[in-house]
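**Student:** Listed below are the residues making up each chain.
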Amino acid sequence: MSGELSFTLDNQPVPFQDGQTIMEAARAAGVYIPHLCFNPDFAPHGSCRVCLVKVNGRTQASCTTPAMAGQVVQSETEELRDIRRGILEMMFVEGNHICPACEKSGACQLQAVAYYVGMLASPFTYFYPRRALDASHPDVVIDFNRCILCELCVRASRDMDGKNVFAVQNRGIQAHLVINTPSGKLGATTFSITDKAAQVCPTGAIMMKNQGYGSPIGLRLYDRESVKIVGDVAQAPESAGGRRHE
Amino acid sequence: MSVEPSTLGQTVSEIVQRHGNLPTRLLQILREVQDSLTWLSPEAMDAVAKEVGLSLDKVRRVAEFYSFLYTTPRGSYDILFSDNITDRMLGNRQLLHYLCDKLKVSIGQPRADGRVTVGVTSCTGMCDQGPAALVNGYALTSLDKPRLDRIAALVNQLAPLSEWPQEYFEVTTNIRRADILLGRHFADGAALRAVLKRGPDAMLEELVKSGLRGQGGAGFKLALKWISCRKAPGAVKYVVCNADEGEPGTFKDRVLMQEYADLVFEGMTLCGRVIGARQGFVYLRGEYRYLLEPLKATLQRRREIGLLGKNILGEPGFDFDIDIHLGAGAYVCGEESALIESLEGKHGVPRIRPPFPTTHGYLNKPTVVNNVETFAVTAKIAAEGGAWFASRGTLESKGTKLLSVSGDCERPGIYEYPFGVTVRRVLEDCGARDAQGVQMAGPAGHTISSKQYDRRICFDDLSTGGSFMVFAKHRDILDGMRNFAHFFVHESCGFCTPCRVGTSLLCDLVDKVHTGHGARADLDEMRRLGRIMKAGSHCGLGQTAPNSVLDSLDQFPEAWTRRLRSTSYEPAFDLDASLGEARRLSGRDDPGAHLPDEYSAMVRLAGLLTEREAPLSDDERNLLGALP
Ligand SMILES: Cc1cc2nc3c(=O)[nH]c(=O)nc-3n(C[C@H](O)[C@H](O)[C@H](O)COP(=O)(O)O)c2cc1C
Ligand code: SF4
Ligand code: SF4
Ligand code: FES
Ligand code: FES
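If you read the sequences in order, they're chains X and Y.
Mapping of the first sequence onto this note's numbering: residues 1374 to 1619, in sequence order.
Mapping of the second sequence onto this note's numbering: residues 1181 to 1808, in sequence order.
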């Protein structure tokens, strides 16, 4: 045996370094595992559960499971696709996602992952929650209807921007995103479009004002290539319809 | 109630200082602030945040997470009815409405004079002496109408709890069957003398020999856990006793903490010696608030006789002490990593594992977390030897298990059996003569029908933390399923998608079928949801939340199918419900408006019942009994 550590992912060997998770090793090897709350710039969170894989027969989140030599990991199986599809369906019924009218459509990672796992409509009953939209900020509008509670904005604002603008409050199905000001309004914070937190949302919940529907249908980020190739909206260059400021 | 700003600031400041301004005491601080002020107003949270030196959102996160902490006003008397299925069997819903009528309050809303609120809460662990409730956190048992008449009068007279009849607060232990744990005398200090005499390694050997597995339900090999924590690098380690006992239908830890606390503390101290820890914590569920002072007294007595504190039993350097933290109404905090978060003063979302508590536990230090019963057993094993313990039980499950038996039986209470006992034997002993089924190990466990009464209670067959709820023939199994589904909706922490959303979707489907609106396709959808939740959830709560529904679909198919509409698909869309708001806005309140209040739900149920021959279920009886 050579000194290189590896596990198999859908029967292909994937090398890894000690301390890497299955997700990190797969990404480094160019193998896509669908994910939403994972973002390579942040410590893993493990809440969306889209990245589930089977590790030696047990279902686990690949973004939080350490890679270990000899692991047998399965990702693209029909069973896992159905579970991932089910989780995506849950996200779509929990919030209010009006993709055909949504400005983010076509460049939305949530939508792209939903297509990737084969979800077209949800069989589950829609919750139709009432969530107000917050347009108090001059440059940004936040639409809580599209929030999937991945906490990327929470983590970015707290850990990178040092502003702690966002938080999740309450528990269970009552859990929801809030803005940390007495009024609860984004406009009362120091939030700015150059913040990391403004770049990370995988859905259309945090949207820039004064622009929109910039790319015609057919040329939007995920129209051109599958999320499997393009990867995270937060990693794609802005010129391509992604979020990363060059 | 409004409080003068200066008094508020002073109250908060005194409490926070008593807790040494420590962020790890935040949950304890908020509990006490609320005890003084009845709820956590924005001003109170702000004052706590400033005094402790935390940001307001962190304080709010904790206050909003725990169901016994209130961020909206509550009455000075806060009465919460335990709403486990066993309380429902005893008619708690009828009593709830009765008391609300007496006090002229609606459920969950403070009365206009701010004096009282009446609400419901998850199982309070008094299933063998229900219907039960909590008043300002203190357990009330064996409620009936005469007691509620008296309670209503006491509330209206503003009588302090100390002037209420003390028998209302009496909690009996109901030990019905004792074996080696409950039956044999234990001399305080015997386990500690043994470890001093023979050393930690010899003790670990005894624990290995004993084959003891965690009694909280998961059955993790005890010796393995202690050995890995002992081996874990670091000079500071902790021992944590999990007395959260949140699984509905379980109350054996309550009995141990009430009657055998010395044994539990001795087991924790033994663990401290073995793994090299100087500090232990008991995480006591908020529902057992009444035990706090007696337990503190026991700790004090142990310090005075040299079994706790510095130089235990005169051994230089054998230092160990125990502190008690109270929970505040969150079932998920029984999960060991959520429990540790809560002990650190935070909201209880389970951590990512690995790393495990044995290497990264409380304050990221190596920590052993064990169940109350497990610690009690370790003390016995230390004193009497591993082989003695292993002589009981089965090959895979050594020793004995405490069962909390409740529901439809003549003798509810605590039963200690050697592992391997059959369900049938337990049913015979507790006087359950017409049981159609048993909910084993709580809503997260196994739903057993009479075909399975010869199965054995042990890790290799029916594993259990100890809950054993009996359903007699006249009960509707679906009442139980509905109660459990609502329980999980209420208790999901909300962190991960499959559990947060899945528990609600599953609950809606159970409700839909239970009220006679379901079709075959709904049962298939439940199975699929169950699969997704089991495979996908971040922690054991979501992974086990669908168990009772899935089991009962297999074990009691007719309980489900007899409620179905004959069509294969029935839309969840409800025209009347959707029009309800418009109708309400337009001021309509005539029957044709179909406003979706409890009254019309009852009328619909009553109609449904006359339509089919289904026996009257408890939910229905309760609801009907409460008809205006
Ligand atoms: C949602 C959830 C709730 C739990 N509640 C409890 C509890 O109330 N008491 C308990 O001892 N263990 C509970 N557990 C199990 C603990 O995580 C842990 O396994 C146990 O405390 C270990 O102790 P033991 O090995 O002595 O059983 C719970 C687990 C989950 C997932
Ligand atoms: S707003 Fe976006 S980034 Fe923030 S939690 Fe919601 S989905 Fe995640
Ligand atoms: S499974 Fe449920 S309780 Fe556990 S983390 Fe997920 S949402 Fe929370
Ligand atoms: S990407 Fe792994 S849980 Fe969200
Ligand atoms: S397309 Fe609507 S939120 Fe993404």
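No lab work stands behind these hints: they were computed from the structure.
Just so you know, not all the hints are guaranteed correct.
DSBU-like mimics (lysine-lysine), calculated; alpha carbons at most 30 Å apart, straight line [as the list claims (entries may be wrong)]: (1) Lys1411(Y) to Lys1325(Y); (2) Lys1238(Y) to Lys1536(X); (3) Lys1631(Y) to Lys1545(Y); (4) Lys1536(X) to Lys1558(X); (5) Lys1401(Y) to Lys1427(X); (6) Lys1284(Y) to Lys1558(X); (7) Lys1401(Y) to Lys1411(Y); (8) Lys1427(X) to Lys1601(X); (9) Lys1569(X) to Lys1230(Y); (10) Lys1582(X) to Lys1601(X); (11) Lys1377(Y) to Lys1401(Y); (12) Lys1714(Y) to Lys1526(Y); (13) Lys1401(Y) to Lys1389(Y); (14) Lys1230(Y) to Lys1558(X); (15) Lys1558(X) to Lys1238(Y); (16) Lys1714(Y) to Lys1427(X); (17) Lys1714(Y) to Lys1601(X); (18) Lys1582(X) to Lys1569(X); (19) Lys1238(Y) to Lys1569(X); (20) Lys1692(Y) to Lys1714(Y); (21) Lys1582(X) to Lys1558(X); (22) Lys1526(Y) to Lys1536(X); (23) Lys1411(Y) to Lys1389(Y); (24) Lys1325(Y) to Lys1282(Y); (25) Lys1601(X) to Lys1558(X); (26) Lys1653(Y) to Lys1631(Y); (27) Lys1325(Y) to Lys1284(Y); (28) Lys1389(Y) to Lys1545(Y); (29) Lys1284(Y) to Lys1377(Y); (30) Lys1569(X) to Lys1601(X); (31) Lys1536(X) to Lys1230(Y); (32) Lys1526(Y) to Lys1230(Y); (33) Lys1325(Y) to Lys1653(Y); (34) Lys1377(Y) to Lys1545(Y); (35) Lys1284(Y) to Lys1569(X); (36) Lys1692(Y) to Lys1631(Y).
A quick note: this is a predicted structure, and the numbers were derived from the prediction, not measured.
**Student:** It remains to establish, for every hint, whether it holds in the given structure.
**Tutor:** The hints, checked one at a time:
A threshold of 30 Å between alpha carbons decides the hint, and for Lys1411(Y) with Lys1325(Y) the separation of about 57 Å lies outside it, so the pair is violated. For a cut-off of 30 Å, the pair hint linking Lys1238(Y) to Lys1536(X) stands: about 14 Å separates their Cα positions. Straight-line distance between C-alpha atoms of Lys1631(Y) and Lys1545(Y) comes to about 47 Å, which puts the hinted pair past the 30 Å bound. Under the criterion of a C-alpha separation no larger than 30 Å, the hint pairing Lys1536(X) with Lys1558(X) is consistent with the structure, at around 14 Å.
Straight-line distance between C-alpha atoms of Lys1401(Y) and Lys1427(X) comes to about 25 Å, which keeps the hinted pair within the 30 Å bound. Between Lys1284(Y) and Lys1558(X) the CA atoms are separated by roughly 38 Å; this puts the pair beyond 30 Å, and the hint is violated. A C-alpha spacing of about 16 Å is found between Lys1401(Y) and Lys1411(Y), which places the hinted pair at or below 30 Å, so the restraint holds. Simply put, Lys1427(X) and Lys1601(X) have alpha-carbon atoms about 19 Å apart, close enough for the 30 Å limit, and the pair holds.
Proposed proximity of Lys1569(X) and Lys1230(Y) is supported: the alpha carbons are some 28 Å apart, at most 30 Å. Restraint check for Lys1582(X) and Lys1601(X): the C-alpha separation of about 29 Å stays at or below 30 Å, so the hint holds. A distance of roughly 25 Å separates the Cα atoms of Lys1377(Y) and Lys1401(Y); the hinted pair therefore holds under the 30 Å criterion. For a cut-off of 30 Å, the pair hint linking Lys1714(Y) to Lys1526(Y) stands: about 26 Å separates their Cα positions.
Between the alpha carbons of Lys1401(Y) and Lys1389(Y) the distance comes to roughly 11 Å, so the proposed pair stays at or under 30 Å and holds. Pair hint Lys1230(Y) plus Lys1558(X) holds up; C-alpha atoms about 22 Å apart against a cutoff of 30 Å. Our distance criterion of 30 Å between C-alpha atoms is met by Lys1558(X) and Lys1238(Y), whose separation comes to about 18 Å. Under the criterion of a C-alpha separation no larger than 30 Å, the hint pairing Lys1714(Y) with Lys1427(X) is consistent with the structure, at around 13 Å.
Restraint check for Lys1714(Y) and Lys1601(X): satisfied, since their Cα atoms lie roughly 27 Å apart, inside the 30 Å limit. The suggested pairing of Lys1582(X) with Lys1569(X) holds, with an alpha-carbon distance near 17 Å, which does not exceed 30 Å. Proposed proximity of Lys1238(Y) and Lys1569(X) is supported: the alpha carbons are some 21 Å apart, at most 30 Å. This hinted pair checks out: Lys1692(Y) and Lys1714(Y) have alpha carbons roughly 22 Å apart, not beyond 30 Å.
This hinted pair checks out: Lys1582(X) and Lys1558(X) have alpha carbons roughly 16 Å apart, not beyond 30 Å. Among the hinted pairs, Lys1526(Y) with Lys1536(X) is consistent with the structure: their alpha-carbon atoms are about 20 Å apart, no more than 30 Å. As the CA atoms of Lys1411(Y) and Lys1389(Y) are separated by approximately 19 Å, the hinted pair is consistent with the 30 Å bound. Proposed proximity of Lys1325(Y) and Lys1282(Y) is supported: the alpha carbons are some 10 Å apart, at most 30 Å.
Between the alpha carbons of Lys1601(X) and Lys1558(X) the distance comes to roughly 36 Å, so the proposed pair goes past 30 Å and is violated. Proximity of Lys1653(Y) to Lys1631(Y) is assessed by CA-CA distance (about 14 Å); at most 30 Å being required, the pair is judged to hold. A hinted pair counts as satisfied when its Cα atoms are at most 30 Å apart, and Lys1325(Y) with Lys1284(Y) qualifies at roughly 16 Å. Using a Cα cut-off of 30 Å, the hinted pair Lys1389(Y) and Lys1545(Y) holds, with the two alpha carbons roughly 28 Å apart.
Between Lys1284(Y) and Lys1377(Y) the alpha-carbon distance is near 64 Å, which puts this suggested pair outside the 30 Å criterion. Among the hinted pairs, Lys1569(X) with Lys1601(X) is consistent with the structure: their alpha-carbon atoms are about 23 Å apart, no more than 30 Å. Distance check on the hinted pair: Lys1536(X) and Lys1230(Y) sit about 18 Å apart at the alpha-carbon level, within 30 Å; holds. A hinted pair counts as satisfied when its Cα atoms are at most 30 Å apart, and Lys1526(Y) with Lys1230(Y) qualifies at roughly 16 Å.
For the given pair, Lys1325(Y) sits about 27 Å from Lys1653(Y) by alpha-carbon distance, which is consistent with the 30 Å threshold. Using a Cα cut-off of 30 Å, the hinted pair Lys1377(Y) and Lys1545(Y) holds, with the two alpha carbons roughly 28 Å apart. Note on Lys1284(Y) and Lys1569(X): the hinted pairing is violated, with a Cα-Cα distance of about 53 Å set against a maximum of 30 Å. Note on Lys1692(Y) and Lys1631(Y): the hinted pairing holds, with a Cα-Cα distance of about 28 Å set against a maximum of 30 Å.
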